[in-house]
Amino acid sequence: MLPFKPILLWTDMLVLLLIAAVIAFVVRARQHEHLRAPWRKVARSTGGMIAAPVLLAFLAIGFLDSLHFQRGTPPEKGQTDMRYGPDVLSVLDILVEHLRIHQERSFSAPFATHAHSRETITRPDGSQVRDFPRLRHGGSHLVDPETDRAADIGRRLLRAVGISAVLGVLVSVAVVGTYARRRGLSFDGALGAMRDGDVDLPIGPMLVSTLLLITTFTMLFALSGVYHVFGTDKVGQDVFYLTLKSIRTALVIGTATTLVMLPFAVTLGMLAGYFRGRVDDAIQYLYTTLSSIPDVLLIAAAVLMMQVYMDTHPEIFDSVTRRADFRLTFLCIILGVTSWTGLCRLLRGETLKLREQEYVLAAQAFGVSHFRILLRHILPNVFHLVIITTVLKFSGLVLAEAVLSYVGVGVDPAMNSFGTMINSARLEMAREPIVWWSLAAAFAFMLLLVLSANLFADAVRDAFDPRIRPVRRGPRVKRSGVAPARRAAEAA
Amino acid sequence: MLRYIIRRILYAIPILIGVNLITFFLFFIVNTPDDMARMQLGVKRVTPEAIERWKAERGYDRPVAWNAAEQGMAKLTNTIFFDHSVRLFAFDFGAAESDGRDIGHEISTRMWPSLAIALPVFVVGLLAYVSFALLLVFFRATALDTAGVVMCVIAMSISGMFYIIGGQYVVSKLWNLVPISGFGDGLSAWRFLVLPVVVGLAHGLGESGRWYRTIFLEEINRDYVRTARAKGLRESRVLFRHVLRNGLIPILTGVVVAIPSLFIGSLVTESFFGIPGLGSYTIEAINSQDFAVVRSMVFLGSLLYIIGLILTDISYTLADPRIRFD
Amino acid sequence: MSTPILSLSGVRTTVRGADGDLHPVDGVSFDIAAGETFALLGESGSGKSLTALSILRLLPDGVDVTAGSIHLDGTDLLALPEQAMRDVRGRRIAMIFQEPGTSLDPVMTVGDQIREVLDRHLGLRGAAADGRALELLDAVGIPDPRRRLDEFPFQLSGGMKQRVMIAGALAGEPALLVADEPTTALDVTIQAQVLELLRDLQKRLGMAMLLITHDLGIVAGMAHRVGVMYAGQLVELAPAERFFAAPDHPYSRKLFESLPTRPTAAGRLSVIRGSVPPLGQVGKGCRFADRCDDVLPGCRDADVPMKALEPGHAIRCILDSRALAPAVVSAPADAAVKVASPLLDIQDLRIHFPIRKGLFRRTVGHVRAVDGVSLAIPAGRTLALVGESGCGKTTVGKGIVRLLPLATGRIMMDGVDLAKLDGRALRDRRRDFQIIFQDPFASLDPRMRVSEILEEGMTALRPDLDAVQRMEAVDALLTSVGLATESKGRYPHEFSGGQRQRLAIARALAVEPKLIVCDEPTSALDVSVQAQILNLLRDLQERLGLAYLFISHNISVVRYLAHEVAVMYLGRIVERGPTELVLRHPAHPYTEALLSAVPALHGIDARDPIRLEGDLPSPAAPPAGCHFHPRCPRATDACKREYPGATTVGPSHLVHCLHPAH
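Respectively, the protein sequence lines represent chains Y, V and L. The numbering used here numbers the first residue of the first sequence as 6 and each following residue consecutively. The numbering used here numbers the first residue of the second sequence as 33 and each following residue consecutively. The numbering used here numbers the first residue of the third sequence as 12 and each following residue consecutively.
Hints listed in this document are in silico derivations from the structure and should not be mistaken for laboratory results. Quantities reported herein were computed from a predicted structural model and do not represent experimental measurements. Glycine is no exception: its CB is placed at the ideal position from the N, C-alpha and C atoms. Incorrect hints may appear among the rest.
Stated by the list, open to error - Over the 12 Å line for every Cβ pair with chain L, so calculated as not near, a few chain V residues:
1. 122
2. 138
3. 153
4. 204
5. 230
6. 243
7. 320
Claimed, not checked - Beta-carbon label-pair distances, calculated as ranges:
8. V:350 to L:155: 22 to 32 Å
9. V:79 to Y:418: 21 to 31 Å
10. L:390 to V:40: 54 to 64 Å
11. Y:280 to V:183: 42 to 52 Å
12. Y:289 to V:350: 22 to 32 Å
13. V:186 to L:289: 24 to 34 Å
Please build the complete structure, drawing on both the sequences and the hints.
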């Protein structure tokens, strides 16, 4: 018998579906040069390759946090069934278990050894004083925090730097070695090529970004065992833990929403553009009407209605986790409903153009069915727009989650997310001394995630959109005429 | 031209009806008034009588769309659908569920503070972002351009709420220049408006600045710009007379749609700064689960957006001679 | 020769690419004297446009002049600061571009765009500028110039836009006008108008002109001297008369031979094998060596310098000059009119597009794109459909293969009326008729491999074939259009324009049709590649007995390939008959004008051309009576009343005109 019971939440299913879709796409892309070529271009862009390791790290955390299970205890005598605890945990929870269980009583600043506010402490001799009490976990190993703390942190940081140096060397050797093999160079040859700038991939920037990432995370984890590196919140939870848990929520919102909306947008957009006439009129009416309702208000209305449903049917949602998860799924769906119209309009326009293309006419001249033409000629030729929209939408959705949660129509208050973190931290701004660390943590991680998503999205758009070419000016500074580089290539 | 506008307006009617039907469906079909009453009164301890009373007070005890008990037109008019959906078309929003105040009156007083923030942000923002984008385009492919774009990307990666929190903390709390939040009467309100406007402008810079830059760069690659250069025109003149004019067409028509919605204001900004506008009105309604107000705001928001669409079409015909004379 | 006004010496442009530097223009030197027209002739990719842009220093981003010098009246343009260069642009050197449609600012009035130059260079403002702008519009032959001043470019036709461009270029009274393919985007009758205008202005103003073109006919009609460019280098520099009498460089000669007007005795066109080498692939030695019939072992050893043959005449070739073998102008393969029962017989075909207006998008009228066309094509023969853009010839082609809904008409093929078929029945018949399109870049799905493209028709229309048979068929098709069978795994973008057109032909052949509608299949191709495709089409016809409906605006191509010709104007056929008869003795005044507008190779104006007034009217509201009467030099009052019926003017030669030429 397994000591645990796997749990598949709704959003977990969306995540798995998404992973399956990505794998299917990768398999297909490996066989088709035209699908692979733009990704190679992404791999050559410096911005995209700086962002990629960061995004991968976030994705890994999000993935680990999507493998849910319930812990079991062996059956007691006379019983055969395992008994499972009420908590739904994820693999990530196990990996950072110390963060989850090191709970304080209330606020404490980053690296603090004492609480943020005075409490009445009963001394061993029975007298009571109001003072800052020691934290239960933060720095509890120190005998005299005031004198030992700096040295202790320094020692741990030094060790972390050592570990990340080793890791960094290993990673660098692996990356450069792989690259050398692919180009048929010796290891030294590859290093030399990198030094001379004679590389077709921005390996240098990518390595720098990876090494920074490794160092940061090693340091955070080295210190988080005995300190609260980002402090604790009102109920004493470790803010670093909350931040890590928020990553999955952001990723699910950013990706699953697109997954929900894609089938509608792609099907309806292509149908409207291809068949025109009444089909087009109907689909246009549908999306104009839906997009007329301001997004926030439509989401608010829908979420409120769902709230009523959940409140009046409490029997369906047996645990807090399931309840929060249902709400997250619903949020993805309703965000999908409000955001499919843009892509649909875009695809409609593109299909209108494509249906007049001569290769479509040639297929029609062969009597190829409309369905087949849509599948074989239109879809592959609008697919780049789907990819561009997907990656461009991601960061917007992550930001939207924060706003919606603030407005009160976002994720369930019990769910960890950047929005709920900001929302609860905002109320503590007025405190003296100010409680800033929750906000700072949410700010830093959100910025890191959204910024790298934006950088990556830019790289993807540049690679996939045939119309946009980066502007480049010749080395001789000369205000000569400017026409697209494309025209230069054509004229050349 | 007039015929065109009339056609656009007529075309808006079925869309508005569609919006109305969607909201009606959301608010009265997905959950019954009974559900809402139960929720408002507390799920656990609620008596059937209390539910009935709650419904009767708000007129939700009538049939949904067809009142067989009534005579003549009242069969249609004395229904939930007529009272709470059709009447919206006459701007008869009814009373709020939570405090019973007239929603129409609230809207007409609360839209001015919203406008007082949204309008300056819109106008100053448009001018500032266009100038900023033109500056980047003028120095395109130089370090200044690159720095500008990097700044834009970073700026647009920061959640709007951090701009507000940061602004409040630095300007109000550290420097004590203006109050953190609140609102005043008449001209004294300016002290409360400065910070929200500045924060709003800063928030929009990244995204708009970059978008406009892309538009101008697209224009600068067109053939007519090469012609202008071949005439010996100065780069500044090429930018201002040719590129700006052509680039403004997509920009103007892209932002015109937002003009009517300025009345609605921003939910987050108003709530953070305690501005008594329509945005904070909506947030309060959401938090107190006042469906009548949310419903009214959905209708109003859609109406203003549709007006924006019509204005967009009109502005297109004004801005682009190719359409004006067609 | 007088002192040159413009002098290029060793000009080289550089594109910095990821794979090293490329030189689209590589050591170009020539002079232009005041009042002289110098033509730079070359196929696409030869570097002629970049040469022109280097002179104005208007090169695109990433391209720079990295060697050589450009002197204008003794001033080194490359050394000028940008500010001084701006005083040169538009004042000393003006330029007009290929696409008048996109080269004018769409949101600025015509007047403002001209006044802009007057203000910048001559300091003219206000009434003085208005007056001068009016004079300029008048000088370029724009009717009603006062009204046009306040109009926007989109309100003008293509020819008018190019005239406005020219007026803007003349505004600064330049000493040199650079005209980059000024008529390529225009119809042939409009091209004739614009070329005449340029010639006339140049003579009157004594301006020097650098004319960039790919069209030998235009060079013949315009230039005093010619420079031929190939792969970034000048290969021949000669006075026009000398050049047209006997070009010396093998490439120049080949260019002449591949013109469809000069088929060899066997009825085939001489072709230049292969295509222009891509930029990155020019090796040492003569760049033409790989395609040259007279290549010698020494050709690839070292770079070949220009060699003067006589004053003002030089070639870049190690061979000595040889006299050009006289071109054999044979009669088209078969001029006799055979009476065979037609494979395709079209009666009164009409295709209308609704014009929707008003509140509910009601249909208020129709564009009669095709308005009663009757045609017949016998099996194994070619009928050419000729006309200018907008005349409805492409619509006829798409209508016949049932890609557009037909209003009325019969399309009889093998005793079946295709116009009446639909659904399954139509699908089954689609094997018999196929179409190939103009643009080789738009007609192949960029996301499909060659084998998938060729298989598509077979999968749809030849369900009897299994996968193995289809693959065999693909190999056979590729071979028959002259492509290697290995190319079936590749994607369209890996092929050149000519190769893509071969693929499009192979795709149509895959279902073994009896009739192929060829919609301008060579108009997007360079002349040397065009000859390859024309030869291929002719070979296939002989081998497979195909019938072609050949849609084209290029008279010389039609003369080479077609057995019969039908001339279209505003949705109707105005003249129809055997090719020789129609082209030699046109009866309809429109045909006459069309033919005389084609630039001829025989020097400047051997004939007296018929210039048409005005532009093509809109097919939504065609003129009453004979559609052509407002532009017709022979029109009488009777022409305004009714559309003329068919008159027989020769064997199988019909014309719709009250006053035919004979």
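Status of each hint after checking the structure:
{"no.": "1", "hint": "122", "in the structure": "holds (25 Å)"}
{"no.": "2", "hint": "138", "in the structure": "holds (37 Å)"}
{"no.": "3", "hint": "153", "in the structure": "holds (28 Å)"}
{"no.": "4", "hint": "204", "in the structure": "holds (45 Å)"}
{"no.": "5", "hint": "230", "in the structure": "holds (34 Å)"}
{"no.": "6", "hint": "243", "in the structure": "holds (20 Å)"}
{"no.": "7", "hint": "320", "in the structure": "holds (44 Å)"}
{"no.": "8", "hint": "V:350 to L:155: 22 to 32 Å", "in the structure": "holds (26 Å)"}
{"no.": "9", "hint": "V:79 to Y:418: 21 to 31 Å", "in the structure": "holds (29 Å)"}
{"no.": "10", "hint": "L:390 to V:40: 54 to 64 Å", "in the structure": "holds (55 Å)"}
{"no.": "11", "hint": "Y:280 to V:183: 42 to 52 Å", "in the structure": "holds (45 Å)"}
{"no.": "12", "hint": "Y:289 to V:350: 22 to 32 Å", "in the structure": "holds (24 Å)"}
{"no.": "13", "hint": "V:186 to L:289: 24 to 34 Å", "in the structure": "violated (41 Å)"}
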